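2 protein chains.
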Amino acid sequence: MAQLLLGKEVTASLNARIMNDIAELGKSGIMPKLAIVRVGENESDVAYERGAVKRCETLGVVYEKFLLGADCSTDDVLAIIEKINNDDKIHGCLLFRPLPKHLDAEKIENALRPEKDVDCMTERSIGSVFTGKNVGYPPCTPQACMEILKHYGYELKGKNVVVIGRSLVVGKPVAMMCMKENATITICHTKTVNMPEITKKADILIVAAGRPRIVGADYVSEGQTVIDVGINVDENGNMCGDVDFDAVSPKVSAITPVPGGVGGVTTSVLLSHVVDAAKRSL
Amino acid sequence: MAQLLLGKEVTASLNARIMNDIAELGKSGIMPKLAIVRVGENESDVAYERGAVKRCETLGVVYEKFLLGADCSTDDVLAIIEKINNDDKIHGCLLFRPLPKHLDAEKIENALRPEKDVDCMTERSIGSVFTGKNVGYPPCTPQACMEILKHYGYELKGKNVVVIGRSLVVGKPVAMMCMKENATITICHTKTVNMPEITKKADILIVAAGRPRIVGADYVSEGQTVIDVGINVDENGNMCGDVDFDAVSPKVSAITPVPGGVGGVTTSVLLSHVVDAAKRSL
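Those protein sequences? They're chains C and B, same order as listed. Just so we're aligned: 227 in numbering that gives the first Met the number 0 is position 228 of the first sequence, and the numbers increase by one with no gaps anywhere. Just so we're aligned: 101 in numbering that gives the first Met the number 0 is position 102 of the second sequence, and the numbers increase by one with no gaps anywhere.
Looking at chain C on its own, in the form it has when it is part of the complex:
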């Protein structure tokens, strides 16, 4: 049976650091504050928001919600972003995406000041994950993967990391972040031929395919570490990852469970960005 890479252990260590930083900031009279902007009532947005708010309250990060109706205009959202840009008390902004289709998402996302872009929504922030220039903050989910690997003592230098998925939210940036740590990276996707042949050669397999349990026993080999970024609901209404945990976990060395893996770490990464932004504002 594989070692379980548990999100809660990583979160505990991140949270301790965050609370320590908040205490330090308090000495300078600064309270880290997150702005949460939500348009409409999308179910998964509301669920993520609930988790983020709870985590804010636990750790002592101040938050302010800006809620807009699903039929608001681009200018309505831009006005909120502008308010957040100009409010020195707000250090970071979480805007739920994708936005409703009638809104000019590109304009809205790029309106935020990079130093408040704790969720990596501006073109500059995400582009800099590629260029290595570190504008703003890296996206939270890929960084959560990195935090898990770091927490459990993985050294990526010279390792073969295979990523399944090429989204701009997870697949592409996590590959770049692993390469920055000197891993050799391969990105597989829906058009990849003979995927198991490629994934079986990985030292570390990061799965961000967005489809329930597509990675079975035939995709993995002994000694591997598997990071499952997927969050899906199966036909019985149970939460599951992109990896078939029951089939894969007996075979590999280490694996993140779903739930209990990457998901929970993401929120702490977000709040660590808010605290970091507050520190930089000093």
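Read the hints as simulated data drawn from the structure, not as lab findings. Careful, some of the hints might be misleading.
[Said to hold, decoys possible] Calculated lysine to aspartate or glutamate pairs in the EDC-like style (CA-CA distance at most 20 Å, straight line): (1) B:K132 <-> C:E105; (2) C:K132 <-> B:E105; (3) B:K106 <-> B:D74.
These numbers come from a predicted model, not from an experiment.
Using the hints provided, position chain B relative to the given structure of chain C.
Only chain B this time, still in chain C's reference frame:
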């Protein structure tokens, strides 16, 4: 013996398209114009400039040189960029890089308007190769690799492309461009372990390591296509690629020679961007 993928054949086909476009633009009274900005007298800059100027003259692209002394200030260069930004007759700008160290390269490079960024020097242009947003133009050398593959009829979908080199000028963008064409990509670099084992599995191997003849016979296998981006001068003063041509060419299916491969295509790609920028200005 491998098929030779010849730059001159690709260039001929690109040039025909460019000249056709120039003739079309002429009907609207527009002459595509390139601004060439050079700081100092770096030997390789001067050599590339000579080639670019010659190609401009052959094809009928107007050019204007802006030459600055090696000891000029950041403001001096910014003034030139501003002039280029505001000159409707200039459609593209080639600025030789790296700039002398005393200059604020980031400020200068990002001052250019994206629509004139034919050599992909702004953060937005290069970042958009990663995000897929296509701001400005992709970098010329990686696109030259793509043009060669396209010219010789390669279909990248589902192919395994291995890139050696992770520079922002070639390695990273060419990998992204191949993935956009639905290839499965792997990026190797100096920290990669057992590189030959990885490169031998490639359908297409793109070498941008920047070191003379580091890819020998042990890196390749039958049936492969090799694109050699390297331009080096060996110990006898001869130009050579990053691939040991004599050792590799008998083994693989197709290969670009050096000289005679990627290098010459790059200049035509640059001018195709200038012509395209002129078309967009209509």
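(message) Taking the earlier hints as the rules, which of them does this structure contradict?
(response) Of the numbered hints, all hold.
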